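Keeping their order, the protein sequence lines are chains A and B. So the first sequence is numbered by my numbering: it starts at 138 and just counts up by one. So the second sequence is numbered by my numbering: it starts at 138 and just counts up by one.
Derived by calculation from the structure, the hints in this document are not laboratory data. The structure displayed is predicted, hence computed values, not measured ones. It is possible that part of the hints are untrue.
Okay, the calculated bits of chain A under chain B, using three or more residues with CB under 8 Å as the criterion [claimed, not checked]:
1) 144 to 152
2) 385 to 398
3) 475 to 484
For every residue, glycine included, the Cβ atom is placed at its ideal position computed from N, Cα and C.
Protein chains: 2
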Amino acid sequence: MTPEHGLRTRLLGIDTHAETVVFLRKDCSLCRSEGFTSHNRILLSAGDRHAIATLYQVESEFLGCDEAGLSDATGRALGVKEGDVITARHAPPVESLGLVRSRIYGHALDEQAFGRIIPDIVAGRYSAIEVTSFITACAAKPLTGDEVRFLTRAMVDAGNRLRWDQPVIADKHSVGGLPGNRTTPIVVAICAALGLVMPKTSSRAITSPAGTADTMETLAPVALDELALRAVIKQEGGCIAWGGAMRLSPADDILIRIEHALDIDSEGQMIASILSKKIAAGATHLVIDMPVGPTAKVRSIEAAASLTAGLAVVADAFGIHIKVMQGDGSQPIGRGIGPALEARDVLAVLKGQPDAPQDLRARALALASGLLELCGKADPGQGTTLASVTLDDGRAWSKFQHICAAQGGMRIPPQARHTKILAAGHGGVLEALDNRRIARLAKLAGAPYAKAAGVELHVRLGDRVSTGTPLCTLHAEAEGELAYALSYAEANPDMFGIT
Amino acid sequence: MTPEHGLRTRLLGIDTHAETVVFLRKDCSLCRSEGFTSHNRILLSAGDRHAIATLYQVESEFLGCDEAGLSDATGRALGVKEGDVITARHAPPVESLGLVRSRIYGHALDEQAFGRIIPDIVAGRYSAIEVTSFITACAAKPLTGDEVRFLTRAMVDAGNRLRWDQPVIADKHSVGGLPGNRTTPIVVAICAALGLVMPKTSSRAITSPAGTADTMETLAPVALDELALRAVIKQEGGCIAWGGAMRLSPADDILIRIEHALDIDSEGQMIASILSKKIAAGATHLVIDMPVGPTAKVRSIEAAASLTAGLAVVADAFGIHIKVMQGDGSQPIGRGIGPALEARDVLAVLKGQPDAPQDLRARALALASGLLELCGKADPGQGTTLASVTLDDGRAWSKFQHICAAQGGMRIPPQARHTKILAAGHGGVLEALDNRRIARLAKLAGAPYAKAAGVELHVRLGDRVSTGTPLCTLHAEAEGELAYALSYAEANPDMFGIT
């Protein structure tokens with residue numbers, strides 16, 4: 138009895154991140170007969186593939202009455218190409234949303250509940266506002282210790298999980314918020330050179346001027362699939378790959394986008410986010426870099442202590458050995474901010490160049506040392522010496538070159554065509570640096586989209602400067618972007634706090 | 138120094154409800170130089186008009202690199218036409234979001250905080266996920282009594298407020314959830330006939346098969362502006378108008394859309410929603426119809442008692458006299474479900490036709506009686522008699538006709554071209570009716586979009602039926618819609634619980 142509601146697909150090339158969106162003409166017979174209105178959730182079907190999408194209704198001619206406009210995420214979910222025929226109807230209720238409502242109304246969730254919510258989120262059955270509601274409910278009435286554990290477990294189970302034969306799998310995570318804090322390639326090179334197995338997967342930038350994967354990509358290919366990653370590990374013991382192709386805790390990728398948009402970071406969700414990725418990657422020993430500072434992600438000693446304790450409890454429940462290493466988060470680390478500029482800092486440290494940024498070197502050595510001791514490669518108190526020697530005698534640099542080769546061939550980071558030095562407008566002592574505005578400056582110059590773009594810092598906290606002392610150099614691939622960053626810098630001279 | 142980033146507008150005719158959305162090409166120089174990514178919030182400017190919009194990036198040719206595609210809400214907010222030139226840049230941070238985050242993290246909000254959040258929401262400065270976060274935070278950690286009062290005040294202040302010279306302004310609200318519960322036109326006719334001043338503003342359907350404004354529109358024009366509404370009140374003492382043109386508590390329209398999408402109704406927000414609209418409309422005496430039943434909005438006696446108490450406290454704080462009248466919410470009221478079908482029930486009651494639905498008549502009389510007593514037009518216990526007499530002697534019907542004439546001329550509700558009787562598949566007693574699925578059936582038949590469409594019920598709870606007894610008649614304006622509703626009915630025979 139049901140009329141055939143076939144629609145031809147139009148791939149509109151609209152990037153809506155993970156949210157599946159469909160555009161239909163308001164006056165099409167389907168919208169009328171189904172009583173669809175904008176923001177309804179619609180079940181789309183192409184053969185035996187289905188996707189639930191958020192509807193926006195269209196009243197103009199850019200879409201025909203027999204067409205369904207699909208966002209990128211919707212096209213991917215359905216696996217369709219332009220002009221394929223799909224059907225649409227009201228989406229059946231997503232049962233697990235009842236559990237989210239029950240969380241909102243004050244009931245803690247059990248393991249089974251998270252085990253139903255998270256797979257539905259990963260399958261795209263939640264709209265952005267439904268994901269938001271889940272995240273906010275878990276922040277407004279903080280997750281209990283049990284709930285954090287259940288959430289972590291559900292996030293791990295809803296994705297792929299790498300399993301390794303070796304008993305010790307080393308890993309490293311940075312809580313983030315510090316521009317230029319690009320220690321990962323150095324830590325991996327040192328640890329792998331000493332025989333640790335370290336299959337490091339990293340992310341691209343979401344809101345920062347560069348993620349580790351963006352930086353590493355200027356030095357070697359990073360988009361490895363699981364097979365390629367395993368081959369690199371078998372050969373070199375370490376890698377620095379982009380994790381996105383591996384579906385490790387895919388729920389995290391969806392939740393973190395919304396958390397960024399809302400600018401909320403609840404402790405429980407941060408713990409589940411960090412640990413689910415690492416458990417899925419198969420880590421057994423994990424060092425966590427936690428910069429603490431007024432414009433970093435973790436802003437106080439109290440917040441750092443609480444997060445550290447929470448991480449320890451959940452890691453313990455999953456049998457993972459962790460060491461949290463707090464560090465100074467008051468200013469960027471290294472000189473470069475932006476993929477290629479950071480890569481050059483990394484190379485300078487690995488090659489032992491005399492002009493290598495000492496803060497980056499020191500932080501990388503500290504983290505490598507912590508990991509070596511945690512994994513039993515160095516006796517307590519001996520990690521720093523072992524790491525320093527491995528870096529200074531060239532073994533880490535040699536290992537890094539081999540890793541790059543195994544990942545597909547070493548690359549030379551690109552150089553920006555346009556540069557401009559920003560000088561101090563007055564003399565004094567540099568007493569503060571605003572991490573957030575400096576990150577913004579690098580992004581306006583084109584990072585991470587333009588690999589060579591970003592900011593190269595020439596000063597550190599405590600430096601005495603005079604009028605005209607170079608504070609930083611802007612790097613850009615396009616003249617317009619350079620001008621744009623420059624005008625932002627001129628409007629925000631106080632991102633360098635000189636007094 | 139800033140390059141001129143002019144973009145030509147394309148009005149895409151996309152309905153995103155209240156959320157302002159802008160589409161830009163991912164590869165346009167603006168996205169690159171500003172470092173925009175999808176879901177960023179962008180400040181658009183057309184002369185001295187501004188709007189903050191959510192960005193979706195486009196990678197296909199349907200948009201040019203120098204074009205900005207605008208959703209309907211964005212075009213309205215900027216007041217632009219196709220081809221106008223606008224500029225775009227990163228939106229400045231919305232300060233009041235910090236207050237929302239503080240609510241999420243457990244701090245109650247004061248009057249000033251709500252006074253900053255609500256105007257920002259009304260001005261479109263919040264994205265849908267930011268509004269969601271606010272709503273969820275206020276549900277997960279329920280609003281205190283003070284907060285409900287502050288929220289109500291802020292919602293009233295953020296819109297227009299009607300002021301009347303008369304000391305008593307009567308009003309009526311129904312908590313909703315019952316299909317066909319269309320008492321308002323009858324209550325207004327009775328009360329206005331007895332000299333009460335009752336400037337009733339109603340809403341259109343959001344998720345139901347008909348709102349009071351949809352039903353009334355089949356009987357008279359309802360889209361009155363404030364001037365027209367005042368003229369009707371001056372002449373007739375009562376009206377039944379659509380409130381949407383009047384900007385009464387516009388925040389409510391935005392919040393309620395998201396609450397519907399999430400299917401959450403927290404008590405505090407429900408109180409602020411109901412009362413802010415009524416305070417803004419200038420009501421001094423208010424009767425609230427609260428159907429209670431397993432598939433109605435208020436599902437238990439306990440929930441009804443708590444909501445009633447909360448309404449009383451806040452109404453008292455604003456000096457409004459209210460009377461909450463709980464009623465049976467176990468089945469639809471009247472026969473018709475859908476704009477024109479409900480209008481015919483209303484006419485039958487007003488005209489005193491012998492076949493008029495008695496449940497609708499009884500409920501309307503009860504509410505009118507309550508309002509008459511509350512306003513001092515009838516002594517306690519005498520309201521029902523007064524209301525009945527006014528209905529039975531034709532004064533209410535006469536007043537209703539005059540109101541329709543004053544609103545622009547009485548109309549005859551349309552009749553559907555296609556009908557189909559649904560008959561009982563087996564005999565027994567009708568023991569349950571599913572309000573939600575019956576509402577869905579009416580929507581599939583085309584209501585409220587197709588004014589004549591909907592469901593006409595022929596049975597009531599407790600009726601004994603045999604195989605073949607007509608249960609209801611489907612009404613549709615298009616054959617396809619009739620077939621579609623029919624197939625839903627056939628797949629859901631248990632929406633009529635015959636045992």
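Here is how each hint holds up against the structure:
1. For the region 144 to 152 of chain A, the proposed coverage by chain B is satisfied: 5 residues have a C-beta within less than 8 Å of a C-beta in that chain, meeting the threshold of three.
2. Check on the region 385 to 398 of chain A: 3 of its residues sit with their Cβ under 8 Å from a Cβ of chain B, so the three-residue criterion for coverage holds.
3. Check on the region 475 to 484 of chain A: 0 of its residues sit with their Cβ under 8 Å from a Cβ of chain B, so the three-residue criterion for coverage is violated.
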